[in-house]
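J.: So the chains spell out like this:
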Amino acid sequence: MRRLRALARKLLALFDRREDELTAEIESHLEMQAADNMKTGVSPQEARQQAIQKFGHVEFVKEAYREQRGLAIVETLAADVRYALRGFRRKPLFALTAILTLALAIGGNSAIFSMIRTVLLRPLPWPDPDRLVIVWETNLKQGTSRANPSSANFFDWRERTHSFEALAHWRFVYFNLSGNARFAPERVQGARVAATFLPLFGARPVLGRGFHDDEDQPGRDRVAILCHGFWQRRFGGSRDLLGRQIQIDGESVTVVGVLPPEFQMRVMNRDLDVYLPFAYDRRQLSREDHSLNVYGRLRGGVSLARAEAEMNSVAERLEQEFPATNRDWRVHLVTLPEAAVANSRPILLTLLVSVGIVLLIACVNIANLMLSRTNARFREFAVRLAIGGSRGRVIRQLLTESLMLGVLGGAAGLLLAYWALPLLRLRVGYLGCREQANFGSTLWS
Amino acid sequence: LCHHYHRPILSGKATATLKEKNNVWQGTLALMVLKTLDGLGPMHGYGIARRIEQISDDLLSVNQGTLYPVLLKLEQEGCIAPEWKETENRRQAKFYRLTRTGRRQLRAQAGHWDETAAIMAKFLALGEQSP
Numbered sequence: 001m002r003r004l005r006a007l008a009r010k011l012l013a014l015f016d017r018r019e020d021e022l023t024a025e026i027e028s029h030l031e032m033q034a035a036d037n038m039k040t041g042v043s044p045q046e047a048r049q050q051a052i053q054k055f056g057h058v059e060f061v062k063e064a065y066r067e068q069r070g071l072a073i074v075e076t077l078a079a080d081v082r083y084a085l086r087g088f089r090r091k092p093l094f095a096l097t098a099i100l101t102l103a104l105a106i107g108g109n110s111a112i113f114s115m116i117r118t119v120l121l122r123p124l125p126w127p128d129p130d131r132l133v134i135v136w137e138t139n140l141k142q143g144t145s146r147a148n149p150s151s152a153n154f155f156d157w158r159e160r161t162h163s164f165e166a167l168a169h170w171r172f173v174y175f176n177l178s179g180n181a182r183f184a185p186e187r188v189q190g191a192r193v194a195a196t197f198l199p200l201f202g203a204r205p206v207l208g209r210g211f212h213d214d215e216d217q218p219g220r221d222r223v224a225i226l227c228h229g230f231w232q233r234r235f236g237g238s239r240d241l242l243g244r245q246i247q248i249d250g251e252s253v254t255v256v257g258v259l260p261p262e263f264q265m266r267v268m269n270r271d272l273d274v275y276l277p278f279a280y281d282r283r284q285l286s287r288e289d290h291s292l293n294v295y296g297r298l299r300g301g302v303s304l305a306r307a308e309a310e311m312n313s314v315a316e317r318l319e320q321e322f323p324a325t326n327r328d329w330r331v332h333l334v335t336l337p338e339a340a341v342a343n344s345r346p347i348l349l350t351l352l353v354s355v356g357i358v359l360l361i362a363c364v365n366i367a368n369l370m371l372s373r374t375n376a377r378f379r380e381f382a383v384r385l386a387i388g389g390s391r392g393r394v395i396r397q398l399l400t401e402s403l404m405l406g407v408l409g410g411a412a413g414l415l416l417a418y419w420a421l422p423l424l425r426l427r428v429g430y431l432g433c434r435e436q437a438n439f440g441s442t443l444w445s
Numbered sequence: 001l002c003h004h005y006h007r008p009i010l011s012g013k014a015t016a017t018l019k020e021k022n023n024v025w026q027g028t029l030a031l032m033v034l035k036t037l038d039g040l041g042p043m044h045g046y047g048i049a050r051r052i053e054q055i056s057d058d059l060l061s062v063n064q065g066t067l068y069p070v071l072l073k074l075e076q077e078g079c080i081a082p083e084w085k086e087t088e089n090r091r092q093a094k095f096y097r098l099t100r101t102g103r104r105q106l107r108a109q110a111g112h113w114d115e116t117a118a119i120m121a122k123f124l125a126l127g128e129q130s131p
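Those sequence lines, one after another, are chains A and B. So the first sequence is numbered by our numbering: it starts at 1 and just counts up by one. So the second sequence is numbered by our numbering: it starts at 1 and just counts up by one.
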């Protein structure tokens, strides 16, 4: 309690640097001493002189008093910081060079690390993303390792395999949205998707409903689900839109749902605006038209290898059944997180190593700068030591200066990264779903 | 210059061999201040210094460079409370008064000091009993 009270007083004293009272107290001390001295019969001047002599050096008393009054560490730190800043202003070229060097190195590192964290380290924003897979067809004899699946094969897989909770096909489409009295016609990005596609990603509409299972049948597919951003932008977030008809590619389509704002499927740097069911006339399926995208969600406990083996055993049977079209066609599964980073990982890691080396070089440069500056300041240190500055105190001063350089350089670097990151946005990964390396949420979340 | 700064708080014969024990002496000086105020009532810095010197038969001389920080420390801890008042010679001086906290602190510290002294005395007597 006693210590706490003392600490509180000391903290308060940091903001109160007045010394009138101490000066008055010392003066009264000297006067009383002088008065007592005069009783021995000396002259007033002599008495005063003796009093001062006995008292000791007033400045040292004050200095000791100051040390007790506040928190000495904080006060000397503040003094060191002020001194360092004064030094920088006297030698602006040195300070500027060091700060800029640090800023470039730290800025580069922060920017690249932001991207790496967003792209490589943060999990995809969907439930159990590791169970999401992309299905590719391969034909090594024909030299294709990643072909889009054909529609007939897809439906056969869906009926004959058990490794997946769901297999969903989809295709990227540009839709023509007709205008009316209020809106201009517009070409929008969208997708034709299986009824199981959105549930695959755990996307539940915030308004209305998802697609019914039978809505990817021909004739029942005149329904649409809008993404949140598009709903806001084009329709002003109107809730009346549900159940209304919009004209897409010249057909009347009923809006049945709106997706939550956090659900985004980005293609070519833009969110998919409209989802329509992907209806297939089963009589017109083809085994040669490799043009679907197929995503699946593995059943819990089923490994990627086991799912791929099962898919390939189905593919072999299809090969026997349809030798003309399915010769040598096999299946390859890639998890979505892996697909999202496969292209960008080597680039990002290379960049990381490069900026790391840049940081090292910057440190060496700054060390050299500091060294030459220290040599030039030899006199200053000699004088400080000579008039009673302790060695530790000088070292602390130098450390404070370095720290100031580091802090300023770091701050400038973060600014630089903040400014540079939008320029660095790479298109990475499948669906481009994580191409936005978000600086704020990355460095501080 | 710096020699002056590091001078022990109490100089004179008593401290001749204890120059390095600043911390011990600082605590001791605080105790002496508390005891002085307890015995004489409110007193200013000069009076406290004189009193300590008198009681030690001028064997101790109080260094103001330590006395005033010690007074400030005791004030910060709430052991003493300052007040500007007139002396009998009609001078303004800053008087320090012992507070309740200070009185408690004095009892605790005095007890502690007695214990330490007793232990040291026993310890030093050991050699004399069994040569």
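Keep in mind the hints are simulated off the structure, nothing from the lab. Among the hints, a few may not be true.
Claimed, not checked - Under the rule of at most 25 Å between Cα atoms (straight-line distance), these lysine to any residue pairs were calculated in the SDA-like manner:
{"id": "1", "chain 1": "A", "residue 1": "K39", "chain 2": "B", "residue 2": "Q54"}
{"id": "2", "chain 1": "B", "residue 1": "K73", "chain 2": "A", "residue 2": "K141"}
{"id": "3", "chain 1": "B", "residue 1": "K35", "chain 2": "A", "residue 2": "F322"}
{"id": "4", "chain 1": "B", "residue 1": "K35", "chain 2": "B", "residue 2": "L126"}
{"id": "5", "chain 1": "B", "residue 1": "K94", "chain 2": "A", "residue 2": "F322"}
{"id": "6", "chain 1": "A", "residue 1": "K141", "chain 2": "A", "residue 2": "F322"}
{"id": "7", "chain 1": "A", "residue 1": "K10", "chain 2": "A", "residue 2": "V58"}
{"id": "8", "chain 1": "A", "residue 1": "K54", "chain 2": "B", "residue 2": "E86"}
{"id": "9", "chain 1": "B", "residue 1": "K94", "chain 2": "A", "residue 2": "K141"}
{"id": "10", "chain 1": "B", "residue 1": "K73", "chain 2": "B", "residue 2": "L126"}
The structure displayed is predicted, hence computed values, not measured ones.
J.: Evaluate each hint against the coordinates.
T.: Verification of the hints:
no.	hint	in the structure
1	A:K39 / B:Q54	holds, 17 Å
2	B:K73 / A:K141	violated, 89 Å
3	B:K35 / A:F322	violated, 109 Å
4	B:K35 / B:L126	violated, 31 Å
5	B:K94 / A:F322	violated, 109 Å
6	A:K141 / A:F322	holds, 17 Å
7	A:K10 / A:V58	holds, 22 Å
8	A:K54 / B:E86	holds, 23 Å
9	B:K94 / A:K141	violated, 102 Å
10	B:K73 / B:L126	violated, 38 Å
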